[in-house]
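From first to last, the protein sequence lines stand for chains H and B.
Heads up: the first sequence is residues 1 to 176, going by my numbering.
Heads up: the second sequence is residues 177 to 433, going by my numbering.
Hints are computed from structural coordinates only; laboratory data are not their basis.
Backbone N, C-alpha and C define an ideal beta-carbon position, used for all residues, glycine too.
Please note that the accuracy of each hint is not assured.
As the list claims (entries may be wrong) - Partial list, computed: chain B residues near chain H (C-beta under 10 Å):
| hint | residue |
| --- | --- |
| 1 | I213 |
| 2 | V215 |
| 3 | Y272 |
| 4 | P273 |
| 5 | M310 |
| 6 | G354 |
| 7 | S358 |
| 8 | A365 |
| 9 | I370 |
| 10 | T374 |
| 11 | N376 |
As the list claims (entries may be wrong) - Residues of chain H clear of chain B, computed beta-carbon distances all greater than 10 Å:
| hint | residue |
| --- | --- |
| 12 | S4 |
| 13 | A14 |
| 14 | I19 |
| 15 | T22 |
| 16 | A41 |
| 17 | D52 |
| 18 | E56 |
| 19 | R60 |
| 20 | R62 |
| 21 | I80 |
| 22 | R95 |
| 23 | R121 |
| 24 | R123 |
| 25 | L135 |
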Amino acid sequence: MTVSIILVVVAFLALVLLIRLTKGRALAPHILENPGSHLRAVDVEAFRNLMDPSEEEFLRSRLEPHEFRKLERERLRAAIEYLSAAAENAAILLRLGEAARRGPDAATAAAADKLIDDAIRLRLYAFQALPRLYLAMILPGMPISPARVADSYERMTRQVILLGLQHPPSGVSSAL
Amino acid sequence: MPFAALTWHLIWFVRVPLHVVLAIYVVRRNLRREFPIFVYYILWTAAASTGLLLMNYAPYVSGDEYAMGYVFGVAVGNILSFGVIYEVFRYMLRGYPALRATGTTLFAWATIALLVVVVALAWYSPAQGEGHFMSGLFLLERTINIVMCGLLLFVFLFCGYFGLSRRSLVSGITLGLGILASLGLATTAIRSQIEAGTRNQYTEIMELITQAAFLASVLIWFAYLLLPERTPRTVVKTLPTHDLETWNQELQRLLHQ
Numbered sequence: 001m002t003v004s005i006i007l008v009v010v011a012f013l014a015l016v017l018l019i020r021l022t023k024g025r026a027l028a029p030h031i032l033e034n035p036g037s038h039l040r041a042v043d044v045e046a047f048r049n050l051m052d053p054s055e056e057e058f059l060r061s062r063l064e065p066h067e068f069r070k071l072e073r074e075r076l077r078a079a080i081e082y083l084s085a086a087a088e089n090a091a092i093l094l095r096l097g098e099a100a101r102r103g104p105d106a107a108t109a110a111a112a113d114k115l116i117d118d119a120i121r122l123r124l125y126a127f128q129a130l131p132r133l134y135l136a137m138i139l140p141g142m143p144i145s146p147a148r149v150a151d152s153y154e155r156m157t158r159q160v161i162l163l164g165l166q167h168p169p170s171g172v173s174s175a176l
Numbered sequence: 177m178p179f180a181a182l183t184w185h186l187i188w189f190v191r192v193p194l195h196v197v198l199a200i201y202v203v204r205r206n207l208r209r210e211f212p213i214f215v216y217y218i219l220w221t222a223a224a225s226t227g228l229l230l231m232n233y234a235p236y237v238s239g240d241e242y243a244m245g246y247v248f249g250v251a252v253g254n255i256l257s258f259g260v261i262y263e264v265f266r267y268m269l270r271g272y273p274a275l276r277a278t279g280t281t282l283f284a285w286a287t288i289a290l291l292v293v294v295v296a297l298a299w300y301s302p303a304q305g306e307g308h309f310m311s312g313l314f315l316l317e318r319t320i321n322i323v324m325c326g327l328l329l330f331v332f333l334f335c336g337y338f339g340l341s342r343r344s345l346v347s348g349i350t351l352g353l354g355i356l357a358s359l360g361l362a363t364t365a366i367r368s369q370i371e372a373g374t375r376n377q378y379t380e381i382m383e384l385i386t387q388a389a390f391l392a393s394v395l396i397w398f399a400y401l402l403l404p405e406r407t408p409r410t411v412v413k414t415l416p417t418h419d420l421e422t423w424n425q426e427l428q429r430l431l432h433q
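All chains, full assembly: derive it from the sequences and hints.
Written out as C-alpha cells, the structure is:
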C-alpha cells in the first residue's frame, strides 16, 4: 500500500508539473523584448584555455597533487560558468531566431534557420558537457573534451552577426 | 444509488456523446493530415466508450462479455495513446533537423528506462485486491500510466530545455493525455491494491475520478480545437533597425581573431 500512496503523490505532482509546463514558456517575454541586455558575456578564448589538455598537463607537472586538484576544481567551476552562460545565450538566440524565421524576408528566414540550428547544437553540446564537467570536479583528471562547445559558440555568434546585418536586434552581438 | 455512483454515471452519459461529437469534429476538420494517430485515437475511444455504454445496459450482454469488451477497448486505446505521444514529439521536432536524431534516441532510452522501472515496481508491488482479475488488470493499467506520464514529462522537459516552440493544439493534446494518464495512475495504483470482488464505496469514487478525467480531457481537446491558434509574437519586429555600426564592429572583431 505504501507504493500505491507514493504513486498517487507522484501522479498528482506529475499532473501539476504537466499543467505548469503546458502553460509555461521557455523564456519570459521581457527577455525577448530586449535580448541584448539579458545575454551574458562569454570569453570563448578563456573557455578554450580552461579546456586545453596541454594547459592541464602543464599545471599538473608544475604543482603539487593537492594544489593541482584544488586549482583544477576552480578551473572547472569557471568552465561550468562559461558553459552555462553560453547555453543560456543560446536559448535566448534560439527564440530570437524563431521570431526572425517567421518574417517575410527569405534571406533573414534562412539566416534565422541557421542560427536556430547552431543554438540547438550548442545547447545539445552543453547538455552533454555539463554533467561531464561536474563529474570531473569530483574526479579531477578525468578526460573531458567540450571543445566543440567553443566552436559551436563561435559559429552561433557569426550567425547572429549575419542575421543582425539583415535584421539587427539592438545590442545582441556586442553582448556576446 | 450512492451519490458517487450517481455522479459518475451522469458524467459517463454526458462524456460519451461529447466524445462522439469530438470524433466527428476531428474528422470534419481534416486533422488526419497533421495528427493521424490522434484522430484514430479519438475515433477508437469514442467508439469503445459508446460500445461499452450500450453493453452496460444491454440485457443480453453478460458481465464477462462486458469485461472482455473493456479489456479490448483499453488495450487498443493505450497502444494508440503511446502512438499519439510519439506523434506529438515528432511534430515538435519537425522544424529542428539538428535535434531529430538525438531526440528520437533519447525518447527510446526514456521508454526503456521507464519500462525497467515499471517492471521492477510490478514485481515489488504486485496486485493484491480481492477481485483478482480486475486487480491484475489495474496493475497493468498502472504500469501503462506510469510509462505514459513519464514519456509526457520527457516530451515537455526535452522541448522546454531546447526552447522549441509548439502549437497550442499540441499542448492541448498532451495536456488531455496527461490528465488521463496521471489521474489514471492515481486510481489504478489504489485499485490494484484494494479492488474488491464486488462494487463498494471506494470503487464508485475511483470510477468518479476516472470518468471526470475522461470528461476533462474531452473538454480540453474541444477547447484547444475550437479556440483560435495563438500567433507567436514577432519579437524582431519591435527592435530598432539601425545598429549596423555595432554589428560591423563585431564582425571585424571576429574576423581578426
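We went through each hint and held it up to the structure:
For I213 of chain B, the interface hint is violated, the least distance from its beta-carbon to any beta-carbon of chain H being 20 Å, above 10 Å. For V215 of chain B, the interface hint is violated, the least distance from its beta-carbon to any beta-carbon of chain H being 21 Å, above 10 Å. Using the Cβ-Cβ criterion of 10 Å, the hint placing Y272 of chain B at the interface with chain H is satisfied: the shortest such distance is roughly 6 Å. Annotation: P273 of chain B was flagged as interfacial toward chain H, and the flag holds, the nearest CB pair being 7 Å apart, inside 10 Å.
A distance limit of 10 Å between C-beta atoms decides the matter here; for M310 of chain B the minimum to chain H is near 15 Å, and the interface restraint is violated. Hint status for G354 of chain B: holds, given a least beta-carbon distance of 4 Å to chain H, under 10 Å. Look at S358 of chain B: its Cβ gets to within about 4 Å of chain H, closer than 10 Å, so that hint holds up. For A365 of chain B, the shortest C-beta to C-beta distance to chain H is roughly 4 Å, which falls under 10 Å, so the interface hint holds.
Hint status for I370 of chain B relative to chain H: holds, with the closest Cβ pair at about 8 Å, below 10 Å. A cut of 10 Å between beta carbons decides the hint on T374 of chain B: the least distance to chain H is about 20 Å, and the hint is violated. Hint on N376 of chain B is violated. Least Cβ distance to chain H is approximately 17 Å, over the 10 Å limit. Under the 10 Å C-beta cut-off, the non-interface status given to S4 of chain H relative to chain B is violated; the minimum distance is some 4 Å.
The Cβ of A14 of chain H does not lie farther than 10 Å from every Cβ of chain B; its closest approach is about 5 Å, which violates its non-interface assignment. Some Cβ of chain B comes within 10 Å of the Cβ of I19 of chain H; the nearest lies about 7 Å off, and the non-interface call is violated. Against chain B, the non-interface label of T22 of chain H is violated: not every CB pair exceeds 10 Å, the least being about 5 Å. With a least CB separation of 13 Å from chain B, A41 of chain H remains clear of the 10 Å interface cut-off, as annotated.
No beta-carbon of chain B is positioned within 10 Å of the beta-carbon of D52 of chain H; the least distance is around 16 Å. Every Cβ of chain B is farther than 10 Å from the Cβ of E56 of chain H; the closest lies at roughly 23 Å, confirming the non-interface assignment. For R60 of chain H, the requirement that its beta carbon stay farther than 10 Å from each beta carbon of chain B is met, with the minimum near 28 Å. The beta carbon of R62 of chain H sits about 28 Å from the closest Cβ of chain B, which is more than 10 Å, so the claim that it is off the interface holds.
With 10 Å as the threshold on Cβ separation, the claim that I80 of chain H sits away from chain B holds: the shortest Cβ distance comes to roughly 17 Å. For R95 of chain H, the shortest C-beta to C-beta distance to chain B comes to about 6 Å, within the 10 Å cut-off, and the non-interface label is violated. Not every CB of chain B lies more than 10 Å from the CB of R121 of chain H, the least distance being 5 Å, so the non-interface label is violated. Consistency note on R123 of chain H: stated as away from chain B, yet its beta-carbon is not over 10 Å from all of that chain's, at 6 Å minimum.
The non-interface label for L135 of chain H is consistent with chain B: the shortest C-beta to C-beta separation is roughly 19 Å, beyond 10 Å.
When held up to the earlier numbered hints, the structure conflicts with 1, 2, 5, 10, 11, 12, 13, 14, 15, 22, 23, 24 and fits the remainder.
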